[in-house]
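S.K.: Starting from the structure of chain A, add chains B and C where the hints point.
Chains as they are written, first to last, in our numbering: chain A, 1 to 86; chain B, 1 to 151; chain C, 1 to 247.
Worth flagging that the hints you see were computed from the coordinates, not collected in a lab.
Just so it is clear, the structure is predicted and the values come from calculations on it, not from any experiment.
Note that CB positions come from ideal geometry on N, CA and C, so glycine has one too.
Some clues are possibly wrong.
[Stated by the list, open to error] According to the in silico footprint, chain C covers these stretches of chain B (three or more CB under 8 Å from chain C):
#1 5-16
#2 88-97
#3 115-123
#4 126-136
[Claimed, not checked] Straight line, CA to CA, 35 Å or less: simulated DSBU-like cross-link-like pairs of lysine-lysine:
#5 B:Lys65 / C:Lys118
#6 B:Lys136 / B:Lys65
#7 C:Lys118 / C:Lys215
#8 C:Lys215 / C:Lys89
#9 C:Lys118 / B:Lys136
[Claimed, not checked] So the derived label-pair ranges between C-beta atoms look like this:
#10 A:Gly12 / C:Arg22: 43 to 51 Å
#11 B:Val20 / C:Ala33: 41 to 49 Å
#12 A:Gly11 / B:Gly79: 30 to 38 Å
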Amino acid sequence: MSALAEFLHMGGYAAFVWGSYGICAAVLIANLLAVRARGRRVRAMLARRARFEAAGYAVGDEPAAGGGVDAVNHPGTGAVSEVGRR
Amino acid sequence: MTPRRQRMIFVAVLLLGVGVAAGLALMALGENMLYFFSPSQIRSGEAPTGQTLRVGGLVVDGTVKRGDGLAVRFDLSDGAHAVTVHYTGILPDLFREGQGIVAMGRLGPDGSFQAQEVLAKHDENYMPPEVAEALKMAREGGSMANPHGPK
Amino acid sequence: MTIARLFHQFGSPPHFYRLAGRMLPWFATACVACLAAGLYGGLVLAPPDYQQGESYRIIFIHVPSAWMSLFVYMVMAACGAIVLIWRMKLAEVVAQASAPIGASFTFMALVTGSLWGKPMWGTYWVWDARLTSELILLFLYLGVIGLQSAYEDRRTGARAAAVLALVGVVNIPIIHYSVEWWNTLHQGPTVTKLDKPSIHLSMLVPLLLMAVAFKLYYATLLLMRARSDLLERERNAAWVRDEVAAR
Numbered sequence: 001m002s003a004l005a006e007f008l009h010m011g012g013y014a015a016f017v018w019g020s021y022g023i024c025a026a027v028l029i030a031n032l033l034a035v036r037a038r039g040r041r042v043r044a045m046l047a048r049r050a051r052f053e054a055a056g057y058a059v060g061d062e063p064a065a066g067g068g069v070d071a072v073n074h075p076g077t078g079a080v081s082e083v084g085r086r
Numbered sequence: 001m002t003p004r005r006q007r008m009i010f011v012a013v014l015l016l017g018v019g020v021a022a023g024l025a026l027m028a029l030g031e032n033m034l035y036f037f038s039p040s041q042i043r044s045g046e047a048p049t050g051q052t053l054r055v056g057g058l059v060v061d062g063t064v065k066r067g068d069g070l071a072v073r074f075d076l077s078d079g080a081h082a083v084t085v086h087y088t089g090i091l092p093d094l095f096r097e098g099q100g101i102v103a104m105g106r107l108g109p110d111g112s113f114q115a116q117e118v119l120a121k122h123d124e125n126y127m128p129p130e131v132a133e134a135l136k137m138a139r140e141g142g143s144m145a146n147p148h149g150p151k
Numbered sequence: 001m002t003i004a005r006l007f008h009q010f011g012s013p014p015h016f017y018r019l020a021g022r023m024l025p026w027f028a029t030a031c032v033a034c035l036a037a038g039l040y041g042g043l044v045l046a047p048p049d050y051q052q053g054e055s056y057r058i059i060f061i062h063v064p065s066a067w068m069s070l071f072v073y074m075v076m077a078a079c080g081a082i083v084l085i086w087r088m089k090l091a092e093v094v095a096q097a098s099a100p101i102g103a104s105f106t107f108m109a110l111v112t113g114s115l116w117g118k119p120m121w122g123t124y125w126v127w128d129a130r131l132t133s134e135l136i137l138l139f140l141y142l143g144v145i146g147l148q149s150a151y152e153d154r155r156t157g158a159r160a161a162a163v164l165a166l167v168g169v170v171n172i173p174i175i176h177y178s179v180e181w182w183n184t185l186h187q188g189p190t191v192t193k194l195d196k197p198s199i200h201l202s203m204l205v206p207l208l209l210m211a212v213a214f215k216l217y218y219a220t221l222l223l224m225r226a227r228s229d230l231l232e233r234e235r236n237a238a239w240v241r242d243e244v245a246a247r
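In isolation and in its complexed conformation, chain A is listed as follows:
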């Protein structure tokens, strides 16, 4: 058996060893991607608010439409909007 095949074979425990490593890699990468996606969403939301404000509109404390990060968690926070801060 070649060295690589032997390495991959793991003395007959390939399914258990590589299964463990595979699952861990998947979980760690999924966590990383979730955190990155969250960061992107927040930055996009802030950029939208900045553009909005630059255009002369008032920006309250409402989650920006279509993807405020906590729109799901906190549907109530946007209800009472600040009166503009022009």
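M.R.: Showing chains B and C alone in chain A's frame:
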């Protein structure tokens, strides 16, 4: 008392209360938390007869006898006493003489143990085969104490 | 109160945001380096075990995951105490960011342990004290995650979750000492016992490297998540406007 002090006391009381409750609960559970009995406990009658229980110990060297098919018989010892275990089925990869084993089953009237399931219990030592070999040689030669020996 | 002032300084969102931003690349790089070295050392360089052959290589992810499951919980519970007593926002953010990572590590410890148990012990799962208490830890994490988002007001949720996290602290010593207090199928501690670790150096070094890599992974994700959470929570603050404008 400031609100912050009150909250501090709340956290302290919470931790203390939960800790005491858990301690009492664990003490009350006591024996029930044991995963298995030792052969000595079985010999002294501490283990219940006639119901499913687990017994753990080391497989005694030279007592493993294979019968028809997957049937196997071996003695399980904790150093002081031994119990004979009968089992039919697939044994885990780690099963061998001298290995720690936990068997689940019933105690027969003759004092032997009829197992339905046999699990291997390995120790917390990890080393290359050559090192294990060297340690074994040293132990047999009596020249060196085994730092990884059973306690 | 001087503690409060220290918290206030370190916990001041703009200060933390910038500090975290500077530290992030270092943590990430060190994490990848330790991970690469640990994997190479554990999977290629380390010899097979005298009893378990190649299957013991699961130890290099199983044990660090289990350590992290306890460590992250302790961080989360400490943040919970800070949240309850000092009402510090940064502690809320850290607790919220820690919970899913800790739950992931607990899940990894359980799954890898199960995949290791099948070939060696002969079973995927037993209800012994160690395995059961680790499973309870997973449920505690899930409960904390649930509470954090169960309230419309996020700060109320953070406080409710902090209470549960503190109650669950009692499980931590139980997990650690379960293998000593009771007969368990799980073996006793290898590295953390008081006399010298009963693991060969060629196996101990990659194990510790992997443990450091997992710690750095946690630190990296924590900083990333804390940064974006702070931006979001403080979206109306002047410093966030400056950060957005500076980009």
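S.K.: Quick one: which hint numbers does this structure break? Sort them smallest to largest.
M.R.: Violated: none.
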